[in-house]
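Everything in the sequence shown is counted per the UniProt record's numbering, starting at 1 for the first residue and increasing by one.
Quick caveat, the hints were computed from the structure, so don't treat them as lab data.
Incorrect hints may appear among the rest.
[As the list claims (entries may be wrong)] Straight-line Cα separation of at most 20 Å, EDC-like style, residue types lysine to aspartate or glutamate; simulated pairs:
| # | residue 1 | residue 2 |
| --- | --- | --- |
| 1 | Lys32 | Asp16 |
| 2 | Lys60 | Asp49 |
| 3 | Lys111 | Glu170 |
| 4 | Lys32 | Glu20 |
| 5 | Lys60 | Asp31 |
| 6 | Lys32 | Asp61 |
| 7 | Lys111 | Asp49 |
| 8 | Lys60 | Glu27 |
| 9 | Lys32 | Glu62 |
| 10 | Lys60 | Glu129 |
| 11 | Lys111 | Glu129 |
Note that this is a predicted model, so its numbers are computed, not measured.
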Amino acid sequence: MTTTGRTPGRRPGGPDTRGEIVRAARESFADKGFAATSIRAVARQAGVDAALVHHYFDSKDELFIEAMALPLDPRQVAAAILNGTREDLGRRIVTVFLGVWESDEGQQRMKAMLRSVVTSDEVARIMREGMTRMILEPVSQFIDLPDAKLRVGLIAGHLIGMALTRYVVELEPVASADLDTLVERIAPAIQQYVSG
1 MTTTGRTPGR
11 RPGGPDTRGE
21 IVRAARESFA
31 DKGFAATSIR
41 AVARQAGVDA
51 ALVHHYFDSK
61 DELFIEAMAL
71 PLDPRQVAAA
81 ILNGTREDLG
91 RRIVTVFLGV
101 WESDEGQQRM
111 KAMLRSVVTS
121 DEVARIMREG
131 MTRMILEPVS
141 QFIDLPDAKL
151 RVGLIAGHLI
161 GMALTRYVVE
171 LEPVASADLD
181 TLVERIAPAI
191 QQYVSG
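Using the sequences provided together with the hints, build the complete structure.
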């Protein structure tokens, strides 16, 4: 009996196995959406064993984050937002949201993502599913009101509009306003969605 010397779960050649897994995941998320994409399907599409996908990514959430090239982990965003009381939730939401956009890498990636979301139904669906599960649902549960999902949707709309105004359209004086001023002006409106 001869052996091939092949390590289980790995295929020969292809030094960028991780990259191929990410590409396969990106395609699967685009074709099927977040909910219908499985680690096994991604592994099959990439030509690797599912164990190898788990070697690189602890969860489907992590694979999604990598495949979508998000500037930071949405679960960390949710944790930062939820770290406090409901009474100052509006301020935390605005502070965390602006913090993501204000880093150089974050701003570039978020601009690209925002442009992709408004020009591609597939990207919009993928982002909607992933962000809903990792950020919007936990915030809705934290708000804990009968219409919490509607409130969180209105918050998202407000923030996306502000991001378009400041970072994409660069409308003055919003584009050049300092962060403290923006937080002071926007946080009360966001808090109204939370507790009004």
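Right, here's what the structure says about each hint:
1. Lys32 to Asp16: Judged against 20 Å, a Cα distance of about 24 Å means the pair is violated.
2. Lys60 to Asp49: Cα-Cα ~15 Å, so holds.
3. Lys111 to Glu170: holds, 12 Å
4. Lys32 to Glu20: Status holds; Cα separation ~18 Å.
5. Lys60 to Asp31: It holds: about 16 Å lies between the C-alpha atoms, which stays within 20 Å.
6. Lys32 to Asp61: holds, 15 Å
7. Lys111 to Asp49: Judged against 20 Å, a Cα distance of about 35 Å means the pair is violated.
8. Lys60 to Glu27: With a Cα-Cα distance of about 14 Å, the restraint between Lys60 and Glu27 holds, given a limit of 20 Å.
9. Lys32 to Glu62: holds, 17 Å
10. Lys60 to Glu129: holds, 13 Å
11. Lys111 to Glu129: It holds: about 19 Å lies between the C-alpha atoms, which stays within 20 Å.
Checked against the numbered hints given earlier, this structure breaks hints 1, 7; the rest are met.
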